[in-house]
Amino acid sequence: MSEPRTLLAIDHVSKNFGRVTAVDGISLDIRENEFFALLGPSGCGKTTLLRMLAGFETPSDGRILLDGKDIARTPPNRRPVNLMFQSYALFPHMSVRANVSYGLEMERLPATEIRSRVDAILTTTELVPFADRKPEQLSGGQKQRVALARALVKRPRLLLLDEPLGALDKKLRGAMQLELKRLQHEVGITFVIVTHDQEESLVMADRMAVLRDGKLLQCDTPHAVYEQPADRFVADFIGVMNFVPGKASTDGVVAVNGARIAGNVPATLSPGAAAVASVRPERVRLFPEAQTANRTTGMV
Amino acid sequence: MAPALVWLTALMVVPCALVLALAFFRRGIYGGIEYTFTLENFGLVFDPLYAGIFLNSARIAGTATLVAVVIGYAAAYAIAAAPRRWQPVFLFFAVLPFWSNYLIRTYAWIVLLNREGLVTQLLRWFGYTGEPPSMLYTEGAVIAGLVYNYLPFVILACYAPLSRLNPELAEASRDLGASAMTTFRRIILPLTVPGIAAGAVFVFVLSIGNFVTPALLGGGRFQMIGNLVYDQFLTANDWPFGAALAMALIAIMLVVLMAQAFAANRASGHAAEVRSDANG
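These protein sequence lines are chains A and B, in that order. Mapping the first sequence onto our numbering, position 295 (from 1) lands on 349, and the numbers just tick up by one. Mapping the second sequence onto our numbering, position 262 (from 1) lands on 365, and the numbers just tick up by one.
For the record, the hints were derived by calculation from the structure and aren't laboratory data. Glycine included, C-beta positions come from ideal geometry on N, C-alpha and C. Please note that a few of the clues may not be correct.
Far from chain B, by Cβ distances over 10 Å, these chain A residues were calculated [claimed, not checked]: (1) GLY79; (2) GLY109; (3) GLU161; (4) GLN231; (5) HIS250; (6) ASP285; (7) ASP290; (8) SER324; (9) VAL333.
A few chain A residues that face chain B, going by a derived Cβ cut-off under 8 Å, partial list only [said to hold, decoys possible]: (10) ALA108; (11) PHE110; (12) GLY122; (13) ALA126; (14) PRO130; (15) LEU137; (16) SER141; (17) ALA143; (18) PHE145; (19) TYR156; (20) MET160; (21) LYS208.
Okay, chain A solo, but in the shape it has when bound:
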C-alpha cells in the first residue's frame, strides 16, 4: 500500500472570539479519501474548526492548507469544500431538483451537464421520486439525503458534515451511518464529520480526532483511540470504562487495594506514584475462585 496523501493540513490553527479561545493551536492532517471524525463534547471547538474549514470563520492564527495551498482566508464560495449543515439549510422555496442544481448553476455549467449530473446524484441518493417536491414535503431522512446530494453534486475535494445524523431518530441513524459510509466509498470524496456521538465516529470513521476545550487530545484510528486512550478524559468519553484507583508498580502492574491489575504503565510514571487503571467492561470475566494474577475479588 502506498503512503496515503495528505489532502488537508490544519497547521497550528487557533480561533478567539473576544477573550474566549474556541480553538487552541490544533494541528491535524486529513488524508485523501479518508472518512475523518471530529469528536468531542459540545463547546469543544469542533464546530468552530469545521466552520473555519468551510470558510465561515477566519482563523485568528495558523494555516489551513488544502493540496498545499493556504485557504484560510479564501471566502466560502471560492473553495472546493462543501458543508452539509446540521439544519440541512435546504432552500424552502425551491424543489429538490432546484436545490441540488443551485451549486452547479453557480459554476455556470451548461444546462445539459447540470441536468445529467443532478440526475446522477438523485439516482445515487434515491431521490428521483421526490425531485419535484419542496423540502417541507420531505421526511427527515429524505431532507438529509437532499442536503447530501446538494453538496456532493459539486464534487468537492472535501465534504464537511456537521452532525449529519443529529436530527434523525435513533433507528434511522443506524441505517444512515452505513449509508453515509457506502456513499463515501462510491463517490471517493474525503469526508470530515463533526459529531458528539462517540459511537457514530467509532462505526464510521477511518480516523478520528478527540477535542476538548479547543485542544486536540488524540488523533488516531477508532481502534487505537479505544484501546489506547491518550488520557483519562478520552478513556471516559469513548465507550464505557471502569476506573480503578491505586499506585503504579515496577512490573507494569498497578496495585489497587490489594488487587493487582496488569497493564501498560507509561514510562513517565514512577513506581509508587498515584495512578488509575482503566478496564473495559467487556474484558472483565467472572471466575468462581481467584486464580490468575490479573484479578480482584468481589461479590455478585
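For this one, chain A is given, so just place chain B on it according to the hints.
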C-alpha cells in the same frame, strides 16, 4: 368571535352602508340631500377630470410605496443583521415617530422644506448662494411626507420574515458558490417577499386615501382622491358625490387587498395541494 362581530358591524359595516346609500341620492339645490334614486354620481366618478385625479393619486401612492419599500427593506435588513440584543432598541427607534401626532410630523416637513427652512440653511452652510430651491408644495414633498409617515409599517412588515430567516440558508448559498449579491437575489429576497407585499399594501392603501399630506405639503396644488372627498363633504356640500367618490376609493383598496390575499393564499394553498397529493 361574537364581540368582534358586533364591534365590526357597529363601527364598520353600518357607516359604510350609510355612505353607500348616500351615493345613490341626488344633491339638493341648496346643498342638502334630495332622496330620489340616481346613478349619475357614479357616472361622474368616471368623468376624465375626476378619473385623472384617481390616476394621479394612484401614481403618487405607487411612487411613495416604491420608495418606502426600498428604504424600509434596507432598514429592516440592517436591523435583522444587528446583534440580537440591539434589535428591539433599533425597532423602538424605527416606530418612535408614531408616538407623535400625524399632523405635527407633517408640519415638521414644512419646517424642513420651506424656502428658508433647514434644508436651505444646510445648503447655505455648505456654501450654496443661489436661489433657495423650491421643495415645498411639490409632488416630491407629498411623496416624502407619505414615505416618512408610513415607513415604520414597511420596516416592521419586512423585519418579521427577515429576522425569522435561518442564517444558515445564506451560508449554504455562499457555500455552494454564490456571491453575496446572488445569495440576496435568489435566496433572501424571494423568502421575504410576503413581508414586502404586506408592507407595500399598507403604504399604498394609506397613501392613496390620504388628504392631510397632499393638503399641507402639496399646498393644495396636488389634489388626491382624499382631498376631493374632503372637499365634496365639507366645501362643495355635495354629500352624494362625495359618497360615490369614497365608495370608488374603497373599491380600489379592496381590489389591492384582495389581490394580495389571493397571491398569499395561492402560495400556501399550492404547497398544501402538492402535500395532499404526495400522501394520497
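(request) Please verify that hint: TYR156/A, Cβ, nearest Cβ of chain B, below 8 Å or not. (result) Nearest chain B Cβ about 6 Å off; hint holds.
(request) Would you check whether the claim that SER324/A is not at the interface survives, using Cβ distances to chain B and the 10 Å cut-off? (result) SER324/A clear of chain B: closest Cβ-Cβ about 52 Å, beyond 10 Å.
(message) Verify this label for me: GLY79/A is non-interface relative to chain B, using a Cβ-Cβ cutoff of 10 Å.
(response) For GLY79/A, whose nearest Cβ neighbour in chain B is about 26 Å away, the distance exceeds 10 Å, so it holds.
(request) Closer than 8 Å between Cβ atoms is the bar; does ALA108/A clear it against chain B? Give me holds or violated. (result) holds, 6 Å
(request) Classify the label on GLY109/A as holds or violated, using whether its beta-carbon is more than 10 Å from each beta-carbon of chain B. (result) violated, 8 Å
(request) Please settle this one: GLN231/A was flagged as non-interface, so is its CB more than 10 Å from every CB on chain B? (result) The claim holds: GLN231/A sits with its nearest Cβ about 23 Å from chain B, beyond 10 Å.
(message) Less than 8 Å between beta-carbons is the criterion; does GLY122/A satisfy it with respect to chain B?
(response) For GLY122/A, the interface hint is violated, since the closest Cβ of chain B sits about 22 Å away, which is over 8 Å.
(request) Identify whether the interface hint at LEU137/A stands, where standing means a beta carbon of chain B within less than 8 Å of its own. (result) holds, 5 Å
(message) Using the nearest Cβ pair, does LYS208/A come within less than 8 Å of chain B?
(response) Holds, because the Cβ-Cβ distance from LYS208/A to chain B comes to roughly 7 Å (cut-off 8 Å).
(message) For HIS250/A, is the shortest CB-to-CB distance to chain B above 10 Å, so the non-interface label stands?
(response) Correct as stated: the minimum Cβ-Cβ distance to chain B is 18 Å, above 10 Å.
(request) Quick one: work out the minimum CB distance from ASP285/A to chain B and report holds if it exceeds 10 Å, violated otherwise. (result) holds, 34 Å
(message) Take the shortest C-beta to C-beta distance between PHE110/A and chain B; is it under 8 Å?
(response) holds, 6 Å
Checked against the numbered hints given earlier, this structure breaks hints 2, 3, 12, 13; the rest are met.
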